[in-house]
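4 protein chains.
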Amino acid sequence: MKCISFTCDYNEGAHPRILERLSQTNLDQEPGYGDDSFCAAARNKIREAVNCKDADVFFLVGGTQTNATVIDAMLRSYEGVIAAHTGHIAVHESGAIEAGGHKVITLPGKHGKLDAGSIRAYMDAFLADEAKDHMVQPGMIYISFPTEYGTLYSASELYEIKAVSEHYSLPVFIDGARLGYGLASPECDLTLPTLAQLCDVFYIGGTKVGALCGEAVVFPKGDAPAHFFTTIKQHGALLAKGRLLGIQFDTLFTDGLYMQISRNAIERAMELRQLFIDKGIPMLLDSPTNQQFPVMSREQLKPLEGKVRYEIWEQLPDGRLVTRFATSWATTGEQIRMLAELL
Amino acid sequence: MKCISFTCDYNEGAHPRILERLSQTNLDQEPGYGDDSFCAAARNKIREAVNCKDADVFFLVGGTQTNATVIDAMLRSYEGVIAAHTGHIAVHESGAIEAGGHKVITLPGKHGKLDAGSIRAYMDAFLADEAKDHMVQPGMIYISFPTEYGTLYSASELYEIKAVSEHYSLPVFIDGARLGYGLASPECDLTLPTLAQLCDVFYIGGTKVGALCGEAVVFPKGDAPAHFFTTIKQHGALLAKGRLLGIQFDTLFTDGLYMQISRNAIERAMELRQLFIDKGIPMLLDSPTNQQFPVMSREQLKPLEGKVRYEIWEQLPDGRLVTRFATSWATTGEQIRMLAELL
Amino acid sequence: MKCISFTCDYNEGAHPRILERLSQTNLDQEPGYGDDSFCAAARNKIREAVNCKDADVFFLVGGTQTNATVIDAMLRSYEGVIAAHTGHIAVHESGAIEAGGHKVITLPGKHGKLDAGSIRAYMDAFLADEAKDHMVQPGMIYISFPTEYGTLYSASELYEIKAVSEHYSLPVFIDGARLGYGLASPECDLTLPTLAQLCDVFYIGGTKVGALCGEAVVFPKGDAPAHFFTTIKQHGALLAKGRLLGIQFDTLFTDGLYMQISRNAIERAMELRQLFIDKGIPMLLDSPTNQQFPVMSREQLKPLEGKVRYEIWEQLPDGRLVTRFATSWATTGEQIRMLAELL
Amino acid sequence: MKCISFTCDYNEGAHPRILERLSQTNLDQEPGYGDDSFCAAARNKIREAVNCKDADVFFLVGGTQTNATVIDAMLRSYEGVIAAHTGHIAVHESGAIEAGGHKVITLPGKHGKLDAGSIRAYMDAFLADEAKDHMVQPGMIYISFPTEYGTLYSASELYEIKAVSEHYSLPVFIDGARLGYGLASPECDLTLPTLAQLCDVFYIGGTKVGALCGEAVVFPKGDAPAHFFTTIKQHGALLAKGRLLGIQFDTLFTDGLYMQISRNAIERAMELRQLFIDKGIPMLLDSPTNQQFPVMSREQLKPLEGKVRYEIWEQLPDGRLVTRFATSWATTGEQIRMLAELL
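Chains as they are written, first to last, in our numbering: chain D, 1 to 343; chain E, 344 to 686; chain S, 687 to 1029; chain B, 1030 to 1372.
There may be inaccurate statements among the hints.
To be verified - Simulated restraints on C-beta separations:
#1 D:Lys132 / S:Arg806: 33 to 43 Å
#2 D:Thr332 / S:Ala912: 24 to 34 Å
#3 S:His771 / D:Pro282: 24 to 34 Å
#4 E:Ala683 / B:Arg1149: 53 to 63 Å
#5 S:His771 / D:Glu166: 44 to 54 Å
#6 D:Glu166 / S:Gly942: 54 to 64 Å
#7 E:Asp467 / S:Thr877: 17 to 27 Å
#8 E:Thr534 / B:His1114: 51 to 61 Å
#9 B:Ala1160 / D:Ala163: 38 to 48 Å
#10 B:Ala1160 / E:Gly676: 22 to 32 Å
#11 E:Glu391 / B:His1114: 40 to 50 Å
What the hints assert, rightly or not - With a Cα cut of at most 27 Å, we get these calculated BS3-like pairs of lysine-lysine:
#12 E:Lys388 / E:Lys564
#13 S:Lys688 / S:Lys731
#14 D:Lys162 / D:Lys53
#15 D:Lys132 / B:Lys1250
#16 S:Lys818 / D:Lys110
#17 E:Lys475 / B:Lys1161
#18 D:Lys307 / D:Lys45
#19 E:Lys453 / B:Lys1161
#20 B:Lys1250 / E:Lys475
Unchecked claim - Computed footprint of chain D on chain E; a stretch qualifies when at least three of its residues, placed anywhere within it, have a C-beta under 8 Å from a C-beta of chain D:
#21 373-385
#22 481-487
#23 573-583
#24 662-673
Since the hints were made in silico from the structure, they are not lab data.
Note that the structure is a prediction, hence the values are computed from the model and not measured.
C-beta atoms are modelled at their ideal positions from N, C-alpha and C, and glycine is treated no differently.
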């Protein structure tokens, strides 16, 4: 039996329909840099899906790149970006934001989430600080949806953040690297069009949701920063064969494929979670999305050795390990059943 | 009849064998970030092809990104990179090098080429300048092979640059975005292993030579800068699904595919060039590679209208246009024949 | 009666002896950029004072500039600097370190101080983290002496940090903007030569200790980073009339003036502190240096209105204010007596 | 006899009246960071001198720092600054502009000057270039007055540049490190108020015109970029004891001192120039300001050995040396006479 991997949601290639489209269109001659007909079609389908007919849509290759490019475009050189202390940009992007000259202003998050109250408290203290002109000026808010811990913001939480954002003139940027897995969760009370109304810019993750690569950046109001194309190029984020991104997003946004495969990941994740719960294995936190964090002893993990791969998130003082099991568009019921047998 | 495009060498998708491999391996579970078995295999095949068994090999996504990442890794913050004034990094990368904090020190090139003599003259003047500590310290040499004008360095020219490089401790970086089209040219007196000996770092372009995307950075001596992986990540150049790059380069370096498809481009380019010459249409310069620059009047271009696409490079004072016609791995004899008929 | 200010230690001009020397030497013609005879003399006196005859010494203008320049010179682009969360570079330099491309990695400090144990714990966790290559690489340790809260590291605390520094190859940089006020404290068990042995680079603050401006950066082992002069220039930190800095440091390091005026600040600070304690006014923390933080009600502050200026550091939940009173080289016994009368 | 130096205009300290004011005010307690009464007074005097009652005025320490700070504040991250290829920012600032992320787009200058026609030609070509979105966007124009070669723009030349600036929305920044020496030249047909009308931001150099240090940045229309104070701080260009700058500029702009001492430099320069001309020694170019460039053989320079210092600018192919002799506010008639005797 081959080893099954739940280490992440980018273990496989792409949804087969994407590969088919790549083959079918392979020798069509198209312009580069996103001027191709596939990108045009994908943009239109995304505008429709987010229900913003004037939205600006750009296709970039990966998440860190997209975060760095969008944040750089939204901020002036004296500004920083507010994020949860666990935010991807604060921890796992090798300092890409700082390399662009901007401070990541971290606020304590809870299970990966920022809350409107703590942003407001920070801003009030900042504005009251006599030394504020000697400090980095807060220039935008970064949140991830779902978060790095698989948790979700409710609609009302995002409304509150939106209110704070407007009050302090801090645009909101939603990192949607796993957006589908958030929207497909039964606990999610947001739709794509609603989410688009609650931020200034966000992206629809492709890499982790069925594509080989690609993130679709959306400015719902059609107010992308001036020369955003040039900023993308400067960040090395402009794909010469933009068609690769266009074809993928066009496919993902045809016949609801993006949400359909997202739902698969969530259904498998809920099955997987139940397996652990049934065995009396606790979860680090209550994640309604495709990342689950069972807390297990080394003994409990033994039966998986050599048969199932997962990530070790951290070791608890009592010696138990927080593990991460991620499902994806590609996870099969068969894989869950095999895990069940081993546990 | 459909319009044929000679505007660039990234008009199509990928070599069909690449798409086949993507399909065959699609559901194999593999680790991310280049730790997959395809990348491992591709690295080994590239080490063999460049005849450097200890070479360090990294896969990045695109050219501008690769230039910015490699140059940032090779330079200290007080250093700049020497390039021909027509070099891609000096002109068409939206200031990506400067965004990383480094000056591009341009020297006048000829038909896209730097020559050892002018680097030496620059360095001697720099070292004799009393104000040199107030200036950007030259830290490396960037050349493109082939150049942005399709021209090539001969082995002896590169030997001379290598000598200058060693004398002044300036590592040489070769931008090989179109490397295959250089090596496959009948006028090229270099092989891949020889080229690897004549520089400190170079890359093998995939995007323009049959891949959907991807550039393979090679440090022939195995002396990649410390933490180069982290630098790649910081530049947003680390692909989560590294397998996409690994599979492509593994395929390109299996059974000599890379050189085979490069030769196709060159053969078509030579046919195309002959077509123009036969019509008495002069070339801007003598390019032995896949980019050809016929100088044509608007009248001469008229028959191509709506049937053949090409790039306009610049307008000459006499009103004629310098055009660029590029062939690629995908260009067919049929396409050349259709062009012939129209001319 | 004129209002007295205890708001900071840069309320006045310079020690009169400095102004005298500026006048005496005013029309002497000297080279620029630190090549003058005054800088040469000052360098030698500082080498003697720190007891490192091979030390490299550079004169810069101000603190933020010096921090940004030294840190940029010590780090590679993938590295960040470890600091207490209250460190000046983390809070009050408008993101100068991030503007240079580097993350400030903050660890919780206590009363402004980092401790060796928490650096060790951070590093052990970092090195054990499977994702560490996706993170900013820790590259150096920044501490301030005295800290932003007026506190001091003991010799043994610095020895422990030094041990951690060597174990993890993290050079230590001491921000000595108020160095004199630390060394002159009765509670300090360090001398200038000892401190120089316990770090890799530090600076002797002039701006806050009797000079008009100026900070003397010292690399005790004489191992300043290559091209540090160029880095200074690039950071806009190279003073054309370097003599202004040379004359000042030469004067401060003649006949022990630097320590003598530092002691004045400390003696006045201790008197000032006693005044508050005698009135039953508590201190935020026990500061043995020139910054004191009395915690006072608005009522208690009333008598000072219009007569004494101080800084408000923060407001406590119970409504009382943490204030900062700073003495300096220029504070007189008369000023302390006037404060005593008012309290 | 002591050696006389004409190497530059920062060989001496400061005008004696500045030192007197520093002494007189030395123990006055004043706030830091430019909030002192001296800066306030100096700002008002400068507003009057430039005849712009709403001008924003900021005091920074040195020229490179000022250039980097102003340019960073005026540009977005995708923009670059147009300068003559001999411009200080392009050559002698160790890449400070690039370190801030911006390209210096150099156009061929003549004797240090840009002309409106070449900026227009560059912009027209840029705007017509199909690849312009892949290039650095031109964002402002930098000129020096006087230039690095001592030459001056006439009012009509600046009017033309202003017209180009408005046409292409490229703000004009004038580096006035030696502004006084330009305005005091008999060949200058501009006044300070006129110059202020012909640009968007400029600075009045103090360092080279009688101050110990200091440059006064002026936004004549009072439209300094948002949070410019924070940008100054981020660049390490904010002096804690802002009084040092305030006192100096207040003194320089009292009773016309700035122009008076500038005229001294020019009168001495014209005498010095005549000395060379009388000896049949040619000038590299016709400089109407305080920098003169006699072209001399080594034999002609022999009598000056050990008695007069000057700079060597470059060596001509025929072996003669282009030298630079600079006068300043401090140059005396006696020094010129001594030079005369030696020649």
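Violating hint indices (sorted, rising): The structure breaks hints 2, 4, 5, 7, 8, 13, 17, 18, 20, 22 and 24; every other hint is satisfied.
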